[in-house]
Amino acid sequence: MGELYKSSFYNRFYEVGGRYWIFNTLNQGLLEVPEQSFRLLQNNKFDIEKCDQDMLEDINELIENEFVVFENYNELKTIKNLFHNDKYKRDYMSVTIIPTLECNCACFYCFERQHHIKQEDSFDWNKVTEGILHYIEEKLPYVKTLNIAWFGGEPLLKIKEIDDLSEKLIALTEKYGVDYTASMTTNGTRLKYIPDVCNRLKKNKISNIQITLDGDREHHDQTRKYASDGQGTFEDVVKAIKILYLEKFNVSVRINLNKKNIHTISNVFDVLEYEDLKKVKLYFGQLLDYSSGNTSEIYMNIEEFSDTIVKLYEVLKDRGFPYGMDDHYPTAARACMACRPDSAVIDCNGNIFKCRTQTGELDKKIGNVLNLENQTRKEAIQEINWAEWSPFEYSKCTECQFLPLCMCGCPYTLYDNNSTEPICVEWKYITDYFVVEKIKEAIINEQD
Amino acid sequence: MSKIKKIVEPKKFLKNQNIKKENKGEYPYCYCPDCRCEECNN
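Chains A and B are the protein sequences, given in the same order.
Letter 159 of the first sequence, counting from 1, is numbered 173 in my numbering, and no numbers are missing.
Letter 4 of the second sequence, counting from 1, is numbered 5 in my numbering, and no numbers are missing.
Everything labelled a hint here was simulated from the structure, so no lab data went into it.
Mixed in with the good hints, there may be bad ones.
Heads up, simulated DSBU-like pairs for lysine-lysine below, C-alpha to C-alpha not over 35 Å straight-line [stated by the list, open to error]: (1) A:LYS325 - B:LYS6; (2) A:LYS295 - B:LYS7; (3) A:LYS94 - B:LYS16; (4) B:LYS7 - A:LYS103; (5) A:LYS20 - B:LYS12; (6) A:LYS94 - B:LYS4; (7) B:LYS12 - A:LYS101; (8) B:LYS12 - A:LYS59; (9) B:LYS16 - A:LYS103; (10) B:LYS12 - A:LYS293; (11) A:LYS158 - A:LYS295; (12) A:LYS442 - B:LYS12; (13) A:LYS101 - B:LYS13; (14) A:LYS331 - A:LYS292; (15) B:LYS12 - A:LYS295; (16) A:LYS20 - B:LYS7.
Turn these sequences into a full structure, and let the hints steer you where they fit.
Printed below as a string of structure tokens:
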């Protein structure tokens, strides 16, 4: 008997245009294959010596490309190996800094508002700055790239503090020969009030900026209001997107989807087209329930969300928005930043968290930059729970073909709770759509 | 001649997994009791 082989567990099979295609969720390769090979792989195990001679070259190429593997090879071990090697790499350090917990907006779903958090009375930004610099400097000898993500509250309420700390962080990375990159998540509404704002952001090396819209003007203004007078922010947010886009920042516009705004998203595309913003990077966010209220009338489940985004991408494609298929072809998921040893979220009081969503939940912090030597036992346990959370503990996921693409999704509700099952993310529902789109693109390119 | 056509190049995991990679100290969390690297001693 010859060597036994099997079709990779991660192969997915497609018949498009009377032709045969295989996509592999582990190696993310996409092949067109003859029907005979396609059928052979669908049948799973086979003895290579019993295959037709005219198929041998194809099978050897499928082995070479890891669509066919040894029958006794456990592919899950490769996924574990990739996941752990990447998770414990220390050459990339990402720190989220929250220079203020205050916000000029009052969005009903904001997770930070649930905790009524504020700056502590003893707040001393200079001391917190020193603590952050000390915390980061201790880790820099291992690091090649430091990424700072400015988050809030609304970070642009504290532009002077961002200017000051950015200058010190950039100097620190220069001292250690480390690359420095920065990003910001902002509601955009403060932009027009800040003198020379774009040059200041550029000086601070903040190149990637994320801004969110909650639907068209009517729906956005119902949820994203100024805290001061209850007026909607849509117009100011769109202006901010335009300013940043024209100044050549990498602007990502996240469009939050919920059951009430999904029918209005075409209006958002109208506005972006009218403002000559078709080339802005768009993506869709699933609005999640971080509060305990009865909100099923608003929030979509993952099947509804996946179905909606596929329809919206069809609209984008038809309307000639260039952000398309290549941006959504499936890619491998990596370990969540919250599970990596050197990643941290630091608030304006110096508290260190692992996950942004926990900002304000003081019982979830893992320490404070002003008191690094005195981590409590409870804080240490929090840190360990995050570090040791593993997607491989759930049979639902280890037995799933989509694991390489999602790595179990968001660990927020799982990392300290053994009884909760992971909630699937959209890859389970949209992978086939984007693979078939890639196949169609390949067929069209042949004809050109 | 193989009749297989690559639309998207697959990643390869089963060639030169680690033996040819330069050790840049990127995997400091080693559970080996014989390891005596600076990181582990800390």
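Hints, verified against the model:
{"no.": "1", "hint": "A:LYS325 - B:LYS6", "result": "holds, 30 Å"}
{"no.": "2", "hint": "A:LYS295 - B:LYS7", "result": "holds, 28 Å"}
{"no.": "3", "hint": "A:LYS94 - B:LYS16", "result": "holds, 17 Å"}
{"no.": "4", "hint": "B:LYS7 - A:LYS103", "result": "holds, 31 Å"}
{"no.": "5", "hint": "A:LYS20 - B:LYS12", "result": "holds, 18 Å"}
{"no.": "6", "hint": "A:LYS94 - B:LYS4", "result": "holds, 33 Å"}
{"no.": "7", "hint": "B:LYS12 - A:LYS101", "result": "holds, 19 Å"}
{"no.": "8", "hint": "B:LYS12 - A:LYS59", "result": "holds, 22 Å"}
{"no.": "9", "hint": "B:LYS16 - A:LYS103", "result": "holds, 21 Å"}
{"no.": "10", "hint": "B:LYS12 - A:LYS293", "result": "holds, 30 Å"}
{"no.": "11", "hint": "A:LYS158 - A:LYS295", "result": "holds, 27 Å"}
{"no.": "12", "hint": "A:LYS442 - B:LYS12", "result": "holds, 21 Å"}
{"no.": "13", "hint": "A:LYS101 - B:LYS13", "result": "holds, 19 Å"}
{"no.": "14", "hint": "A:LYS331 - A:LYS292", "result": "holds, 11 Å"}
{"no.": "15", "hint": "B:LYS12 - A:LYS295", "result": "holds, 26 Å"}
{"no.": "16", "hint": "A:LYS20 - B:LYS7", "result": "holds, 20 Å"}
Every hint, counting from the list given before, is met by this structure.
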